[in-house]
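**Q** Residues per chain are reported as follows:
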Amino acid sequence: MGHTIAEKILGSHAGGKPAKAGEIVVADVDFSMIHDARAGNALKMIDKLGAGRADFALPHVKRTALVLDHYSPPPNMEAANTHVAMRAFSEKHGSPLYDVGDGICHQVLPEGGHLTCGDLVVGTDTHSTTYGAFNAFGTGVEGTDVSALMMTGKLWFRVPETIRIELQGALQPGVWAKDVTLTMLGKLGAEGANYQALEYVGSGVSAMAIDDRMTLSNHAAELGAKAALLEADEKTFAWLKAHGAATPRPVTADADAIYARRIVIDTAKLPPQVARQHLIDDVVGVPEVKNQKIQVALIGTCTNGRLDDIRQAAAILKGRKLAKGVRMIVTPASRAIYLAAMREGLFEILTTAGASVEAAGCGTCVNITGHYIAGDNQVVISSANRNFKGRLGNPKSEIWIGSAATVAASALTGMITDARTVAGGDWRAAA
Amino acid sequence: MNIIKGSARVLGDEVNTDVQCSSKYLPGRDTAYIATVAFDQVAPGFAKGFKKGDVIVAGKNFGINSSREQAVHIMHQMGVAAIVAPSFGRQFFRNAINNGLAVIECDTSGIAAGDAIEIDPVAGKVMVASRNIARAVPPLPAAVQALLAAGGLIPFLQKHPDWNLNVKEQTA
Ligand code: SF4
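Chains as they are written, first to last, in my numbering: chain C, 3 to 433; chain X, 53 to 224.
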């Protein structure tokens, strides 16, 4: 009987043999991450674990990165003090630290070369599924888990069942991994893959550039997935090598692996999708949305703030102006992306069109920093991942979710717009 | 692990514990304060009427979209003995076990507020005698029992830094 990627990675980290779905294993974790919104809790848990023990040590602490991204910049004294504590912790213990402006945890971890194919990686954040794009088992945990990891290097896991999703055919130019996930959300519902791992396979995945593959694994968090694993290929290896990652140990599923479910999506014909206000699984094709005005367009977050997203937005807005009355904010997911976009002249294009560019971080994803607070009755189109009522600080506003292409095309017309209908909307990443 | 007996306190489907039972949207408020107002928006007066040892009986996907283990700390403060629901949000489920709160996946239809409920996590049984309800559930895996019996992951590792999950714990 064969095994899935999740069963193989968890098994290889828990003694060697592939594990079986449903089993509980104690596994060696390769790398972990704490971000600033959970660091207060995590640091408390570390103190609790060490309370009253003279022999307390954190031998694995250098394999935990601390990332200052949610409170970037800190909106209040409490958050600023969490940052002070995180910097001091890093200084004392030698854990890698990514400071304000360096970028979002899920972007800086792979960019920093901290993970490779076959790894088991956790972070104090649900979107830790992102690392699956690199054929690593990435999943979300909490402060207690990371404190245990720093001390023992191990954690317990329930081995998930896997849903296998075959993407048939390369996406059309102007259509993105975001549209695939929204399609999945429409099919399975939010949290429709709760406790389960996803394996995305097929020519649709092979055709995607790494940026888009990261969206696919990242956005699986909205499906409730525990992990979202992709197979590795030459593109994966080249990207990892360029970012200084360790030698890949690629893992593939067996032909006779057992899946909880199999889904096929005809990605070659897929039109762009949007999630309507308040519900991430209320999904429709963009061509079906008629005369829906927007006033705010947001590009950024760990889901869609990567270089290809910014390139796509610039391709649409080059030499043009935002529709009257539209405000647009672009927030690169990391400092490296910021620099690359700046060097390519993308910020000049976007700024000339009327958009603002913010420093790298979680930015406009959620109203933590005040980067963007919606006014009453404002309609926002965002490339983020969640749109529940009030996520942008005002329950009387609406958040619609779409790809960076859809956001930019909508900013241009002031209406939710299919990017394929505007010049530049059919930009395609050089995969 | 011992049999858990308590009075049922009922909540609906899809309760997000970040929203209903943490300081995520009440920054600066401490655990003790939130324990007095938790779940009020979905069940007015819920925390006020809650007694130590009561059992939360919820609908599907309890703790959905919630990542904060503070929610579990607050429930400990309230005195929650266990939570029974047909399904849980993944991260909430993990946080509950890591923090020593028993979470039992079981169909909760027909169970009403105030019912005397009895849970046997080892044998895998949920019973409400007054309603002739006796439902079989998968017994909690031994590893989960070991973590719960120790009171959560941190007290477990204080005793077993080698992660020996197969130990037979003394039940508290
Ligand atoms: S960008 Fe948004 S979803 Fe991603 S880690 Fe930051 S706050 Fe969370």
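Treat the hints as calculated values from the structure; they're not laboratory data. Backbone N, C-alpha and C define an ideal beta-carbon position, used for all residues, glycine too. Where hints are given, some of them may not hold.
BS3-like mimics (lysine-lysine), calculated; alpha carbons at most 27 Å apart, straight line [what the hints assert, rightly or not]:
1. Lys398/C <-> Lys76/X
2. Lys22/C <-> Lys76/X
3. Lys211/X <-> Lys46/C
4. Lys46/C <-> Lys177/X
5. Lys323/C <-> Lys156/C
6. Lys50/C <-> Lys112/X
7. Lys211/X <-> Lys50/C
8. Lys156/C <-> Lys211/X
9. Lys189/C <-> Lys211/X
To give an idea of the interface, some chain C residues facing chain X are shown, with a C-beta separation under 8 Å as derived from the structure [claimed, not checked]:
10. Asp147
11. Val203
12. Ser205
13. Ser208
**Q** For every hint, state whether the structure bears it out.
**A** How the hints compare with the structure:
For the hint linking Lys398/C to Lys76/X, the alpha-carbon distance of about 19 Å falls within 27 Å, and the restraint holds. The hinted pair formed by Lys22/C and Lys76/X fails the criterion: a straight-line CA distance of about 36 Å is larger than 27 Å. Taking the CA atoms of Lys211/X and Lys46/C, the gap is about 19 Å. The hint holds against a cut of 27 Å. Pair hint Lys46/C plus Lys177/X does not hold up; C-alpha atoms about 36 Å apart against a cutoff of 27 Å.
A hinted pair counts as satisfied when its Cα atoms are at most 27 Å apart, and Lys323/C with Lys156/C does not qualify at roughly 53 Å. For the proposed pair Lys50/C and Lys112/X, the alpha carbon gap of about 33 Å is over 27 Å, so the pair is violated. For the hint linking Lys211/X to Lys50/C, the alpha-carbon distance of about 13 Å falls within 27 Å, and the restraint holds. At most 27 Å may separate the alpha-carbon atoms for a hinted pair to count; Lys156/C and Lys211/X meet this at roughly 15 Å.
Restraint check: the Cα-Cα separation between Lys189/C and Lys211/X comes to about 46 Å, which exceeds 27 Å; the hinted pair is violated. Among the interface hints, the one on Asp147/C holds; its C-beta lies about 7 Å from the nearest C-beta in chain X, closer than the 8 Å criterion. Because the smallest distance between the Cβ of Val203/C and any Cβ of chain X comes to about 23 Å, over 8 Å, the interface hint for this residue is violated. Interface restraint check for Ser205/C: the shortest CB-CB distance to chain X comes to about 30 Å, outside 8 Å, so the restraint is violated.
Hint status for Ser208/C relative to chain X: violated, with the closest Cβ pair at about 29 Å, above 8 Å.
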